[in-house]
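Engineer: Once you have looked at the hints, place chains W, E, S, B and F with the ligands on chain X.
Chains as they are written, first to last, in the numbering used here: chain X, 8 to 334; chain W, 8 to 334; chain E, 8 to 334; chain S, 16 to 116; chain B, 16 to 116; chain F, 16 to 116.
Hints should not be assumed to be uniformly reliable.
Straight-line Cα separation of at most 30 Å, BS3-like style, residue types lysine-lysine; simulated pairs [unchecked claim]:
#: 1; chain 1: B; residue 1: LYS46; chain 2: E; residue 2: LYS38
#: 2; chain 1: E; residue 1: LYS299; chain 2: B; residue 2: LYS46
#: 3; chain 1: S; residue 1: LYS97; chain 2: S; residue 2: LYS87
Derived by calculation from the structure, the hints in this document are not laboratory data.
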Amino acid sequence: MIETALAAAGANLLAPAILFFALGALAGWAKSDLNIPDQAAKTLALYLMFSIGFKGGVEANASGFSSDLLAAGGLGLAFSFLAPFAAYVVLRSTCRIEWVTAAATAAHYGSVSVVTFAAGSEYLRAMGVEFSGHMAAVLALMETPAILAALLIAGSNAREPGARFQPTLWREVLLNGAAVLLIGSFIVGLITGKRGMERLDGFVGGALFQGALCLFLLDMGIVAAKRLAEARTLRVATVLFAVIWPILSGIAAMFAANLAGFSLGDATLFTILVASASYIAVPAAMRIALPKADAGVYLPMSLAMTFPFNLVVGIPLYHAAVQWIVR
Amino acid sequence: MIETALAAAGANLLAPAILFFALGALAGWAKSDLNIPDQAAKTLALYLMFSIGFKGGVEANASGFSSDLLAAGGLGLAFSFLAPFAAYVVLRSTCRIEWVTAAATAAHYGSVSVVTFAAGSEYLRAMGVEFSGHMAAVLALMETPAILAALLIAGSNAREPGARFQPTLWREVLLNGAAVLLIGSFIVGLITGKRGMERLDGFVGGALFQGALCLFLLDMGIVAAKRLAEARTLRVATVLFAVIWPILSGIAAMFAANLAGFSLGDATLFTILVASASYIAVPAAMRIALPKADAGVYLPMSLAMTFPFNLVVGIPLYHAAVQWIVR
Amino acid sequence: MIETALAAAGANLLAPAILFFALGALAGWAKSDLNIPDQAAKTLALYLMFSIGFKGGVEANASGFSSDLLAAGGLGLAFSFLAPFAAYVVLRSTCRIEWVTAAATAAHYGSVSVVTFAAGSEYLRAMGVEFSGHMAAVLALMETPAILAALLIAGSNAREPGARFQPTLWREVLLNGAAVLLIGSFIVGLITGKRGMERLDGFVGGALFQGALCLFLLDMGIVAAKRLAEARTLRVATVLFAVIWPILSGIAAMFAANLAGFSLGDATLFTILVASASYIAVPAAMRIALPKADAGVYLPMSLAMTFPFNLVVGIPLYHAAVQWIVR
Amino acid sequence: MQVVDRKKLDIFIESHALERVEEMLGRAGFKGWSVFEGVEGSGAHGAWRQTGIGESGACLVVTIGGDEASEKALEWLSDYFKTYPGVVSVSDVSVMRGERF
Amino acid sequence: MQVVDRKKLDIFIESHALERVEEMLGRAGFKGWSVFEGVEGSGAHGAWRQTGIGESGACLVVTIGGDEASEKALEWLSDYFKTYPGVVSVSDVSVMRGERF
Amino acid sequence: MQVVDRKKLDIFIESHALERVEEMLGRAGFKGWSVFEGVEGSGAHGAWRQTGIGESGACLVVTIGGDEASEKALEWLSDYFKTYPGVVSVSDVSVMRGERF
Ligand SMILES: Nc1ncnc2c1ncn2[C@@H]1O[C@H](COP(=O)(O)O)[C@@H](O)[C@H]1O
Ligand SMILES: Nc1ncnc2c1ncn2[C@@H]1O[C@H](COP(=O)(O)O)[C@@H](O)[C@H]1O
Ligand SMILES: Nc1ncnc2c1ncn2[C@@H]1O[C@H](COP(=O)(O)O)[C@@H](O)[C@H]1O
Ligand code: NA
Ligand code: NA
Ligand code: NA
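Next comes chain X alone, as it looks inside the complex (with noise of 0.2 Å):
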């Protein structure tokens, strides 16, 4: 038991995505001048949301509208609406950040991160585990509910240059990029079905995608290992808090999908994207939002410890959990 998911850990190590993202983080620790031009590194971005979005849309309308949707829908809603609660109280408690900075570090671990998705997708796909295609709509509507969250425990403060900035605020937070391109593609999806994946089946899937993930996660290594180097307050609470929180949400998640009768393969993508942090939408929306909370707290352990770790030892691990938890 334990020796397979050691070996599928090994493996996951040694997966093309991960080097190259390996070889992004040494390459920007040592300061190469190896960089991905940034207009690239956004459209690859939009590249993998509308690859998820619609693949997630055609198996979704292969398998027809479950209830298993609603219910990983609902799930995911509230695990993203909640979380950011209890990690405010924990934040607070332990790292001795501002509330404000708090409350915005706590959206970003209630959202989710598509490039975490898409590795975890990946993974299973290597270990040859199903999973749905709603899971890309979970993931879609898991980016929201966490900035709302992390609105409503700024409460009152943060109202003031909410008003002002509203009608730009609620549609950063709802009409964000990401969530309405995964969402949308998995609509388009839904509706052309098989139809549509048969035109376009080289494009969102197979090595194209595979190639873009690689290219995508150079970058990511790059400005991780940048934005680490950089970090002004780095202190071993927030450190901490980075690596054992997706743990511990993790578990949490996979107990609800265990209940909710996930199947083993939805089960670990959703506990991947409880564990799993925000970096691009959650961040815009908080400069809007809390201007006052300090993006050199919350953008280094997204970008830079969360997302590493869970890359490179959560997904493993998460799947081996689920495993034993899930039968």
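Structural biologist: Just chains W, E, S, B and F with the ligands now, kept in the frame of chain X:
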């Protein structure tokens, strides 16, 4: 007959590319921050031209240089050059826009839209209708004459800046990037033929082309919706022109194509070309040649009205009508 | 013999990649506004290095780490480091350019061009000639030593700025993006082997690689033609050097490769590497290390003369010559 | 050349505020502006870099206009900067066709 | 530091005019300039946004030089702006190594 | 609005020097700066164009600060420009919240 046409139109509506255009339009209309980086969008446009030109050249190589190409090319040149004169008269008499803006707008409608052509050929491919590779060359040939026509219409008044910027202007008109890349790729395809296609098949066609088209249409939806929202002068007459002119000029194109003995597929593509309006090459030329023309009129018309109309309604409509005429 | 060589050269001339380079050169020369956005071009270059490195690593994994790799690597290092000294002497005695510009130019010719290597391997593939995966590692190893040689040549004079900018300089020299990505991808390929290739096959090879090469060469044609038009100092001697040096150093490379017992394919690629000149990594290093060197001399030579020469004439020429020597 | 004196504002803000600021400039009386995107920077709120991941660049809005418009914009911005990052500098410039500013 | 006074021109134009304007600057006596690309803007000719479709950004040409060169450039530009969109502002700056401007 | 006088430096340099220059600005006493990437330009060292092949654009570093910081930066830059391409211009600007600069 009509039922088949309606079914085809319905199928077109549900093609991934059209749905992604709709997604973009929705996102743009709702002011989501979803957007494709501008250099990525430009690169996608270049890729589409590269692929269209190259595939056309390879197919022309396979079928041999026939008199058909000469006929289609000649007809294309004639339509592109003559349509602006007619469009100018109609615009002036019905839309009450200044003469210089009318001349510039007329140039847009004489010229063609590469993406409408791409969507049209994908539509035909999905319907199993064959067409000639040399239609890509006709597309390239039709980019430019309309600009010359607009300069003639604008006449002596326009000559003042034209004289000073003549080298720049002529370069822009005759060597605009779109025309050079389309014709150049066509010629490369023509020279390398089947041997070249063996190497580039999966690049210029198949899922990659479909995917790039979807992403580009997503961006066009966003931009078109924003353009429409910003349009200052949205007179009923111009809206009507943007929808009725493509139909009327399309009908003329059908009959001409029928007289010239075009095949069903070629006649449909020719109709689509005539009915389409430029939104990249011609605006760029107009900014140099007719700087007093109001881009706030011609861009929303071409990009935000005629383009979506052709994409969603026009293509299946023209195809049905051509089926009825050409037999 | 000669007839076969001529036929091969003719076929090379008509390869899509070469024709797209010619198209770009024509467009650039005619001052068309056709251009590839700079971030797209940079991303294409990164993609080419990613693919070349990874494929090389996978193939090296398959054939095992042999003494061949050590021999080829050692020979590559030696040529890259020693060639600049010879080139410097020739440049100084024949071209009448200042010593510091001569040193910088010599570094370009000691180093290598990734795209020339890519075009060369595609040429061999089209001819059905096999070569070793580890040649990609040799490519990476040959990027840097030439820069060190130029610094030695420039000697004490260059030390003044060098001292102040040493950290930046050494980083640029030893950790330049191209070398890091090439070696890094090679190692990832080496580690993941066949298993990695299964996932990335359609990304790093086949039509996608061909298409990216065509697009990149289109851009290089445009840039090279513009560079040539702007070149201020185009002395006959420098033009001659840009064409004759590759041939002479290529001949030396052939004999060395033959002595070292390289296969036909490896010897050809090695010759191409030695004959090629850098136009990305070395100029970047020279701007830091030898800022007084005139970029108006070395860039047109490397990018607008030697590169097209090798691409169009050199590759088939070297291949024919190597066939004649290595048997 | 006949030139007249005007004020030039260089406004450094985060991109999410662009729409708001442009609208405000119009209301304040500016008849035009141009926006540029930065690649990196530093300030009281820390350093940033345009990366395509997790970070978006600050923008520079350049606008030229009359004293009154400038005064109004500064007032709005001084309020805005209480909440959000950014700085603004004002300088004296000469322009032709003064009626256009 | 020893510094001398020079003029700085900020020229906002459409990109198709770049080549012309740069050539003119050289003729007017400027020994250098730098060009930046805008992402959006607004003016008498309406608003624009760099999109990759149908629209190309306006550019900013910054050039520093002597009074005479500045005067000549303004003259050319005043003529140019009769036909084409754009604005220019002039300001006083100090530079080191005055002989280079 | 209450404003105070400060210096604005426009520093045109090659991108490889960015890190160095930013570090220097911090040491000189500047509390912030913004960096922009050019698309083309010309100067004593010839013309350049951002192309994605073989050439990288020059950058513009804009920084606003006090007289003393400005003086220190100019000194460093005057030394730097002995070896490397680039120019710098200084102008007078007004800013709000003077204590931040
Ligand atoms: N003194 C300054 N000079 C130039 N740009 C500045 C300056 N201070 C701040 N900025 C820019 O404005 C952004 C926000 O400023 P701040 O509110 O000080 O963090 C910074 O990230 C810089 O891009
Ligand atoms: N007052 C202004 N301040 C800054 N930029 C301006 C101003 N007016 C115009 N521009 C820029 O110059 C372009 C052309 O100006 P216009 O001819 O007024 O349309 C505009 O789109 C802006 O990018
Ligand atoms: N007079 C000038 N005005 C504006 N930018 C300049 C000027 N001179 C030089 N530059 C910029 O600084 C870079 C390096 O200058 P140089 O050392 O003169 O070659 C040039 O390529 C331009 O981008
Ligand atoms: Na989470
Ligand atoms: Na048309
Ligand atoms: Na070489």
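Engineer: Tell me if the straight-line CA distance from LYS299/E to LYS46/B falls inside 30 Å.
Structural biologist: holds (18 Å)
Engineer: Under the criterion that the straight-line Cα-Cα distance not exceed 30 Å, is the pair LYS97/S, LYS87/S satisfied?
Structural biologist: holds (16 Å)
Engineer: Under the criterion that the straight-line Cα-Cα distance not exceed 30 Å, is the pair LYS46/B, LYS38/E satisfied?
Structural biologist: holds (24 Å)
Against the hints set out earlier in the document, no violation occurs for any number.
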